[in-house]
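Asker: Since the structure of chain A is provided, determine the placement of chain B on it from the hints.
2 protein chains.
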Amino acid sequence: MARLTIKDVAKMAGVSFQTVSLVLNHPEKVAPKTRELVQAAINALNFIPNVAARSLRNISTKTLACVMFNGSSYDERSERIQDTHYNNVLQALTRAADRVGYTLLQRNLMSDDAASLAYVRDLFLAGRIDGLIAMVTVAGHPVLSELQRMGFPCVIYGMADPQFHHVAQSDRLAALSVVDHLAQAGCRRIAFVTGPLKEHSSEVMRDQAVTTSSEARYLGYLDGLDKHGLPLRSEWVASGDWSLDGGYRAAKQLCSARQRPDAIFLGNDRMALGALKALHDLGLHVPGDISVVGFDNMRYDDFSIPSLTSVNVPMYEMSEHAVRILLDCIEKRAPAGLVQRIFPTSLVVRDSTRVPN
Amino acid sequence: MARLTIKDVAKMAGVSFQTVSLVLNHPEKVAPKTRELVQAAINALNFIPNVAARSLRNISTKTLACVMFNGSSYDERSERIQDTHYNNVLQALTRAADRVGYTLLQRNLMSDDAASLAYVRDLFLAGRIDGLIAMVTVAGHPVLSELQRMGFPCVIYGMADPQFHHVAQSDRLAALSVVDHLAQAGCRRIAFVTGPLKEHSSEVMRDQAVTTSSEARYLGYLDGLDKHGLPLRSEWVASGDWSLDGGYRAAKQLCSARQRPDAIFLGNDRMALGALKALHDLGLHVPGDISVVGFDNMRYDDFSIPSLTSVNVPMYEMSEHAVRILLDCIEKRAPAGLVQRIFPTSLVVRDSTRVPN
Numbered sequence: 001m002a003r004l005t006i007k008d009v010a011k012m013a014g015v016s017f018q019t020v021s022l023v024l025n026h027p028e029k030v031a032p033k034t035r036e037l038v039q040a041a042i043n044a045l046n047f048i049p050n051v052a053a054r055s056l057r058n059i060s061t062k063t064l065a066c067v068m069f070n071g072s073s074y075d076e077r078s079e080r081i082q083d084t085h086y087n088n089v090l091q092a093l094t095r096a097a098d099r100v101g102y103t104l105l106q107r108n109l110m111s112d113d114a115a116s117l118a119y120v121r122d123l124f125l126a127g128r129i130d131g132l133i134a135m136v137t138v139a140g141h142p143v144l145s146e147l148q149r150m151g152f153p154c155v156i157y158g159m160a161d162p163q164f165h166h167v168a169q170s171d172r173l174a175a176l177s178v179v180d181h182l183a184q185a186g187c188r189r190i191a192f193v194t195g196p197l198k199e200h201s202s203e204v205m206r207d208q209a210v211t212t213s214s215e216a217r218y219l220g221y222l223d224g225l226d227k228h229g230l231p232l233r234s235e236w237v238a239s240g241d242w243s244l245d246g247g248y249r250a251a252k253q254l255c256s257a258r259q260r261p262d263a264i265f266l267g268n269d270r271m272a273l274g275a276l277k278a279l280h281d282l283g284l285h286v287p288g289d290i291s292v293v294g295f296d297n298m299r300y301d302d303f304s305i306p307s308l309t310s311v312n313v314p315m316y317e318m319s320e321h322a323v324r325i326l327l328d329c330i331e332k333r334a335p336a337g338l339v340q341r342i343f344p345t346s347l348v349v350r351d352s353t354r355v356p357n
Numbered sequence: 001m002a003r004l005t006i007k008d009v010a011k012m013a014g015v016s017f018q019t020v021s022l023v024l025n026h027p028e029k030v031a032p033k034t035r036e037l038v039q040a041a042i043n044a045l046n047f048i049p050n051v052a053a054r055s056l057r058n059i060s061t062k063t064l065a066c067v068m069f070n071g072s073s074y075d076e077r078s079e080r081i082q083d084t085h086y087n088n089v090l091q092a093l094t095r096a097a098d099r100v101g102y103t104l105l106q107r108n109l110m111s112d113d114a115a116s117l118a119y120v121r122d123l124f125l126a127g128r129i130d131g132l133i134a135m136v137t138v139a140g141h142p143v144l145s146e147l148q149r150m151g152f153p154c155v156i157y158g159m160a161d162p163q164f165h166h167v168a169q170s171d172r173l174a175a176l177s178v179v180d181h182l183a184q185a186g187c188r189r190i191a192f193v194t195g196p197l198k199e200h201s202s203e204v205m206r207d208q209a210v211t212t213s214s215e216a217r218y219l220g221y222l223d224g225l226d227k228h229g230l231p232l233r234s235e236w237v238a239s240g241d242w243s244l245d246g247g248y249r250a251a252k253q254l255c256s257a258r259q260r261p262d263a264i265f266l267g268n269d270r271m272a273l274g275a276l277k278a279l280h281d282l283g284l285h286v287p288g289d290i291s292v293v294g295f296d297n298m299r300y301d302d303f304s305i306p307s308l309t310s311v312n313v314p315m316y317e318m319s320e321h322a323v324r325i326l327l328d329c330i331e332k333r334a335p336a337g338l339v340q341r342i343f344p345t346s347l348v349v350r351d352s353t354r355v356p357n
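Just so you know, the sequences run in chain order A and B. Read in order, the letters of the first sequence correspond to residues 1 to 357 in the working numbering. Read in order, the letters of the second sequence correspond to residues 1 to 357 in the working numbering.
With the rest of the complex left out, here is chain A (with noise of 0.2 Å):
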């Protein structure tokens, strides 16, 4: 088949090529109605302009959008501000951005269909983006996969999705490790708190190609259990949200249990302030009744009451990477094939656990 040009989606729409080319280039010089019209054509026909072409003629605008599809910087329920993660990720994007002259240009409560499509698109095609850093909760992404069939610079954040250009941590080994520490430490009862678990993945596959942190982090804990010989339990497992109430909810719940836990592993650090509130209302000693692990290695950590032990995650370092690797497609300096970094994370020990044995 011909490669589709202007002319057919021109055709098609019922306007002159001279029409869909100010489309492309200057929509805001086309009337919203005919604009529209021709949107639905190149739709239709899955047309992909020529943005080789086009970046040729066009000076940087200097200026990064990341987008977070399904997801949120702030928290839509409250009306008190929390850090969130996506806030927090935002920060060292931000610093990443600034770090090499360009500005962030954010957007949240993406959903995953046509809708973002055209609005991501045409922010590139009006020149007032030269890449993406998107934020994903699902693997082979319908809007990255179309902007990358257009030639439009994106890279993932947080997510090891082998179809695109990513920047991720290792959730999986992170989580194993958290494990090894308090089996050292003599703890065999250990309990984990979830993040949010799609409806499907209650049952999370241990062979699943692409993960999301939360099953990432879920299966380096059965992978832990696993290898010290440790007892897995329905009712040493809670499902988390991420939040401070969540950890604390968890925590109270995981504390009824018949056999109560001798150690409580949670999902990100907030949940791990909960909980640490949650086994101080009890009256539990924390490490001696029980031991509190958070992941992220947030600021606050050595403020909590015990200081907290958690998962570094070097956010800055993988935001500089995530930034580098898409000005290297922008500028044409980037390798064929993908880029895909995988950064190591560490433990960090402070007094929420017991001194290993």
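In short, the hints are calculated from the structure, not lab data. Just so you know, these numbers come straight off a predicted model, no measurement behind them. Watch out, some of these pointers could steer you wrong.
Since the list gives no way to pick one copy over another, a pair counts as held whenever it fits inside one copy or between any two copies.
Unchecked claim - Straight-line Cα separation of at most 27 Å, DSS-like style, residue types lysine-lysine; simulated pairs:
{"id": "1", "residue 1": "K29", "residue 2": "K62"}
{"id": "2", "residue 1": "K33", "residue 2": "K11"}
{"id": "3", "residue 1": "K33", "residue 2": "K332"}
{"id": "4", "residue 1": "K29", "residue 2": "K7"}
{"id": "5", "residue 1": "K29", "residue 2": "K252"}
{"id": "6", "residue 1": "K29", "residue 2": "K332"}
{"id": "7", "residue 1": "K7", "residue 2": "K227"}
{"id": "8", "residue 1": "K62", "residue 2": "K33"}
{"id": "9", "residue 1": "K7", "residue 2": "K62"}
{"id": "10", "residue 1": "K11", "residue 2": "K252"}
{"id": "11", "residue 1": "K332", "residue 2": "K252"}
Answerer: Here is chain B on its own, set in the frame of chain A:
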């Protein structure tokens, strides 16, 4: 004097007036060298383009910029993520922008000088943003003054500068209400930990027209001591920097005073968390030995040990007003004159302060 036109600019720059028009409306189409010549002439003549005429034919970009002058949304010194005030405000502004279908373009580390002015002006002139929300650390900010003269919609978040549209919280009254609460609970030796103060303002003037949050909270503390006839002692005032470490150090310092305070009021919650840790390390009981109060009412105040008495600042509500005022300006619905809103705060009493008598 006759109003300057683009012909005056053209004459000075030695180019045609069509070129000047192109620089104003499509700077990306002009060679960098020519553009610089024209910008230099615009700057030298202090030429104000006719923004109203421009916006009539431009469609909305549905993008707002959030710029922090002399500030940052991240800790530049640390390799670890921590929540910052700016980050919290960004979170709230992002939500407010999302709710009205706007995207936020954020820029950190902007200085107060001509380079920043040129940067922000170009965002407007290139049709990349519709309006600006600014966070500033000085009154009568030179960049904002220029942008306002040029007719670009700007709103200040967080400082009650009478020269501009703004939203801010009533810091001074809030601090007074904290001292009221502590005095009613029987505290007589109330210490205060400031945020960063400018060099020249170690002696904050009580009659100064425009104050930063850090200064206003300190003045409210002084008002409270006056009102309740409580002593002001220099050994009970420590300077902090809004950080966890800063609060930790300040609390230790205050507790080494010849006479130990019976209450510490810290200018924000992060410092208060650091102080709780310091008092714990010193073996002091909160609130039995000493009461602690923060400021901001962050979500984690419920989960600190003990939970933290704090001042609620309605950041989400303030952000929604900031965005609304800005949209009114953009869409020419704004009444004549400046729109300035000061939001009341409220004290949220938790376990870190003694029950009032």
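Asker: Taking the hints in turn, state whether each one holds.
Answerer: Taking the hints in turn, this is what the structure says about them:
no. : hint           : verdict
1   : K29 with K62   : both (22 Å within a copy, 15 Å between copies)
2   : K33 with K11   : within (16 Å within a copy, 41 Å between copies)
3   : K33 with K332  : between (35 Å within a copy, 24 Å between copies)
4   : K29 with K7    : both (19 Å within a copy, 26 Å between copies)
5   : K29 with K252  : neither (59 Å within a copy, 62 Å between copies)
6   : K29 with K332  : between (29 Å within a copy, 22 Å between copies)
7   : K7 with K227   : neither (62 Å within a copy, 79 Å between copies)
8   : K62 with K33   : between (30 Å within a copy, 18 Å between copies)
9   : K7 with K62    : neither (32 Å within a copy, 30 Å between copies)
10  : K11 with K252  : neither (65 Å within a copy, 76 Å between copies)
11  : K332 with K252 : neither (53 Å within a copy, 54 Å between copies)
Checked against the numbered hints above, the structure violates hints 5, 7, 9, 10 and 11; every other hint is satisfied.
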